[in-house]
Amino acid sequence: MSMRELSFAQALNEGMAQAMEADPRVFIMGEDIGVYGGAFGVTGELVHRFGELRVRDTPISELGGAGVAVGAAIAGARPIYEFQFSDFVSLAMEQIVNQAAKMRYMLGGKISVPVVFRMPCGSGTGAAAQHSQSLEAWFGHVPGLKVVEPSTPEDAKGMLLAALDDPDPVLIFEHKLLYKTKGHVPEAMYHTPLDKAVVRRAGKDATVAALGIMVQKCLDAAEILAGEGIDLEVIDLRCIRPIDAATLIESVKKTTRLACVYEAVKAFGIGAEVSALICESEAFDYLDAPIMRLGGTDSPIPYSPILEKAAVPQVEDIVAGLRSLVTKRF
Amino acid sequence: MLKAKTTKPENARPFYARHSKEQLRNALRRMWLIRRFEEVAEDSYVRGLTHGTMHLSIGQEASAVGICMDLTNSDYITSTHRGHGHCIGKGAEVKFMFAEFFGKEEGYCRGRGGSMHIADPATGNLGANGIVGGGLPLATGAALAIQQRKGQDVAVCFFGDGANNEGAFHESLNIAAVWKLPVIYVCENNQYGMSVSTERSTAVKDIATRAAAYNMPGVIVDGNAIADVNEAMMAAIELARNGGGPSLIECKTYRTRGHSRSDRNRYRTKEEIEDWKVKDPIPAFENELQKFGVFNLAEIEAVRAQVETEVAEGFAFAQSGTNPLPQSVLRDVYTVSGAA
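Protein sequence lines correspond, in order, to chains A and B. Just so we're aligned: 201 in the numbering used here is position 201 of the first sequence, and the numbers increase by one with no gaps anywhere. Just so we're aligned: 204 in the numbering used here is position 204 of the second sequence, and the numbers increase by one with no gaps anywhere.
Hints listed in this document are in silico derivations from the structure and should not be mistaken for laboratory results. Bear in mind the structure is a predicted one, so any value in this text is a computation, not a measurement. Yeah, the Cβ is synthetic: ideal placement off N, Cα and C, and Gly gets one too. You may find that some hints are simply not true.
What the hints assert, rightly or not - To spell it out: a stretch of chain A is covered by chain B in this simulated footprint if at least three of its residues, at any positions, have a beta carbon under 8 Å from a beta carbon of chain B; those stretches are:
1. 30–36
2. 58–69
3. 92–101
4. 210–223
To be verified - Listed next, with one range per pair, are the computed distances between beta-carbon atoms:
5. B/Val-329 / A/Ile-60: 53 to 61 Å
6. B/Ala-213 / A/Ser-299: 39 to 47 Å
7. A/Glu-45 / B/Arg-241: 28 to 36 Å
8. A/Pro-305 / B/Glu-199: 48 to 56 Å
9. B/Gly-151 / A/Arg-49: 57 to 65 Å
As the list claims (entries may be wrong) - Derived DSBU-like pairs: lysine-lysine, alpha-carbon spacing no greater than 35 Å straight-line:
10. B/Lys-291 / B/Lys-95
11. B/Lys-150 / A/Lys-102
12. A/Lys-102 / B/Lys-21
13. A/Lys-102 / A/Lys-254
14. A/Lys-204 / A/Lys-254
15. A/Lys-309 / A/Lys-253
16. B/Lys-104 / A/Lys-102
17. B/Lys-21 / B/Lys-279
18. A/Lys-266 / A/Lys-309
19. B/Lys-279 / A/Lys-102
20. B/Lys-205 / B/Lys-277
21. B/Lys-180 / B/Lys-205
Go ahead and model the full structure; you've got the sequences and the hints to work with.
Here it is in structure tokens:
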């Protein structure tokens, strides 16, 4: 297989194009996704290839737009709805949480809701508090939804295609700073599972469960700590709902230590869920140190670049945290 | 454009001219089915046989049936919390509705939804909705799916006066108009959003006037006159099926029961309720049918008797239904069981 490289954004674009080519039911809707090409360029030139009916610019109406996508899904279409910024999902929560997530259950299994929401998230662009959040954990709390967050271009395409073939509503969180990162992406259509974490680096001294953009930061931290003789296992969580407990449990039993690293506000988040599921599992008895959470500060994302960096874990914070984790004992 | 239609005195009007005797009989049957289904359901609740809550549409049967009677099973509807009439209008069987009320596996939602979520995708009914305005984007989306596949079907969105002040109403109508979607918005204005009157909640006197803001036809009809409702609907269907885009029909009507089981009618007078009971849409339709010589009294009584049997049998069917197993609580959260 060739080692063709694409950016994360190009990988998503290719996935959408191949899906539209293969299935006439697939179409994309969202704000400024047509000739503008999307706020982050993900839809790019697709409107010129597939036309305005399949790459539909919507009015600035997130509740209506997301809800129309849900309605189209239950009536036989396969819509992809792009939120311009995932922060704007607050305007569309009703249709995602009360309608899309519950419809199948509420209606006794008579209907499926095959809609895909693309959710550009995260800080680091200087866009401040209303354009920089990481809200994936909100949706982890809602049965009926699937919530994923790829960290590589290969997974971005594979998860998008898996989501489009999935009968249930899937939210794909895409960290905006990852869009330009490059990596190997197979040319064919393929699925990346929507329920499996993956070990990105095997190690024996501690398990680091990371999400999205934090995966690379943790791998960078692990390289630095390897120089100090610390051998870390880095797990890319990839899926928030369902979360892959088995992979985490197996790793913690081996390493006996666990840190969870994520950009979202630390409290009431992914870290709490990961920590709780380990505490409730047979891996609890293997733990040699308290579980560590490294997450965003208890604040909105600030504007100043100095403060913005201070609000989310950076490589040096992760290095310091993990260095202390491997020496801690109960 | 916005003048209220009046009933013409002769049976040459389109409603009678374009429907067969059998279609008219079925329309009357469905109106009675809605009425008797709800009365029996209400009684069952009062006697403690069913739990939860329910929102009765007694008095609004003409709009449910007048809107749905010309739709096919591949046309969609979305409904509201006050949706029993829409379900029956679209062809649902009362035995499966009763079974849902009793929380039985035989129910339309296998006992997972209850009164507020009855759906029957086989007849194009995409479901009642517990969220005011929740169905507006969904029907609009169903219309988008029809347009995407270049279909001839239409999507019909029932909603109440309360929903017309939700953002979902305005966003949906705008999107439908911009994209010329084959969707028909049917506002059943029963004049109260729970306890608050439209005068106190809504800046315009007639909700149909809001259609002008979205560049679509807006029509006001007497929601208690099935012929008026249906004729407005026929025009809207024709427009939608021919690429003319969406319409808004406002059916002026009234619910003679309270909002839900907790309602003590503190916000309206007994006189007002009694005045509207006189405008009951079912006797009005029966009178017209007799006046125009469509049916004689014996034929009408036969319809009523048939409905009584259907309702009694449906109720008995539901009572003897199957209770869900507690361990089935996770079923249908996802399409592939155990998916998450």
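Comparing the hints with the structure gives:
Requiring three or more residues with a Cβ within less than 8 Å of a Cβ of chain B, the coverage given for the stretch 30–36 of chain A is violated, as only 0 such residues are present. Only residues whose C-beta sits within less than 8 Å of a C-beta in chain B count toward coverage, and the stretch 58–69 of chain A has 10 of them, enough to reach three; the restraint holds. A stretch counts as covered by a chain when three or more of its residues have a beta carbon under 8 Å from one of that chain; for the stretch 92–101 of chain A and chain B the count is 4, and the coverage holds. For the stretch 210–223 of chain A, the proposed coverage by chain B is not satisfied: 0 residues have a C-beta within less than 8 Å of a C-beta in that chain, short of the threshold of three.
A C-beta distance of roughly 40 Å is found between B/Val-329 and A/Ile-60, which places it outside the suggested range of 53 to 61 Å. A hinted range of 39 to 47 Å for the beta carbons of B/Ala-213 and A/Ser-299 is consistent with their spacing of about 41 Å. Remark: the range hint 28 to 36 Å for A/Glu-45 to B/Arg-241 is upheld by a beta-carbon distance near 35 Å. Look at A/Pro-305 against B/Glu-199: about 54 Å separates their beta carbons, and that is inside 48 to 56 Å.
Our hint of 57 to 65 Å for B/Gly-151 and A/Arg-49 is violated, since their Cβ atoms are close to 24 Å apart. For the hint pairing B/Lys-291 with B/Lys-95, the CA-to-CA distance comes to about 33 Å; that is within 35 Å, so the pair holds. Restraint check for B/Lys-150 and A/Lys-102: the C-alpha separation of about 29 Å stays at or below 35 Å, so the hint holds. With a C-alpha separation of about 41 Å, the suggested pair A/Lys-102 and B/Lys-21 falls outside the 35 Å cut-off, and the hint is violated.
Our distance criterion of 35 Å between C-alpha atoms is broken by A/Lys-102 and A/Lys-254, whose separation comes to about 38 Å. Distance check on the hinted pair: A/Lys-204 and A/Lys-254 sit about 7 Å apart at the alpha-carbon level, within 35 Å; holds. Note on A/Lys-309 and A/Lys-253: the hinted pairing holds, with a Cα-Cα distance of about 33 Å set against a maximum of 35 Å. Of the pairs offered as hints, the one joining B/Lys-104 and A/Lys-102 holds, with about 19 Å between alpha carbons and a cut-off of 35 Å not exceeded.
A distance of roughly 24 Å separates the Cα atoms of B/Lys-21 and B/Lys-279; the hinted pair therefore holds under the 35 Å criterion. A threshold of 35 Å between alpha carbons decides the hint, and for A/Lys-266 with A/Lys-309 the separation of about 15 Å falls inside it, so the pair holds. Note on B/Lys-279 and A/Lys-102: the hinted pairing is violated, with a Cα-Cα distance of about 38 Å set against a maximum of 35 Å. Under the criterion of a C-alpha separation no larger than 35 Å, the hint pairing B/Lys-205 with B/Lys-277 is consistent with the structure, at around 23 Å.
A hinted pair counts as satisfied when its Cα atoms are at most 35 Å apart, and B/Lys-180 with B/Lys-205 qualifies at roughly 26 Å.
Hints 1, 4, 5, 9, 12, 13 and 19 from the earlier list are contradicted by this structure; the remaining hints agree with it.
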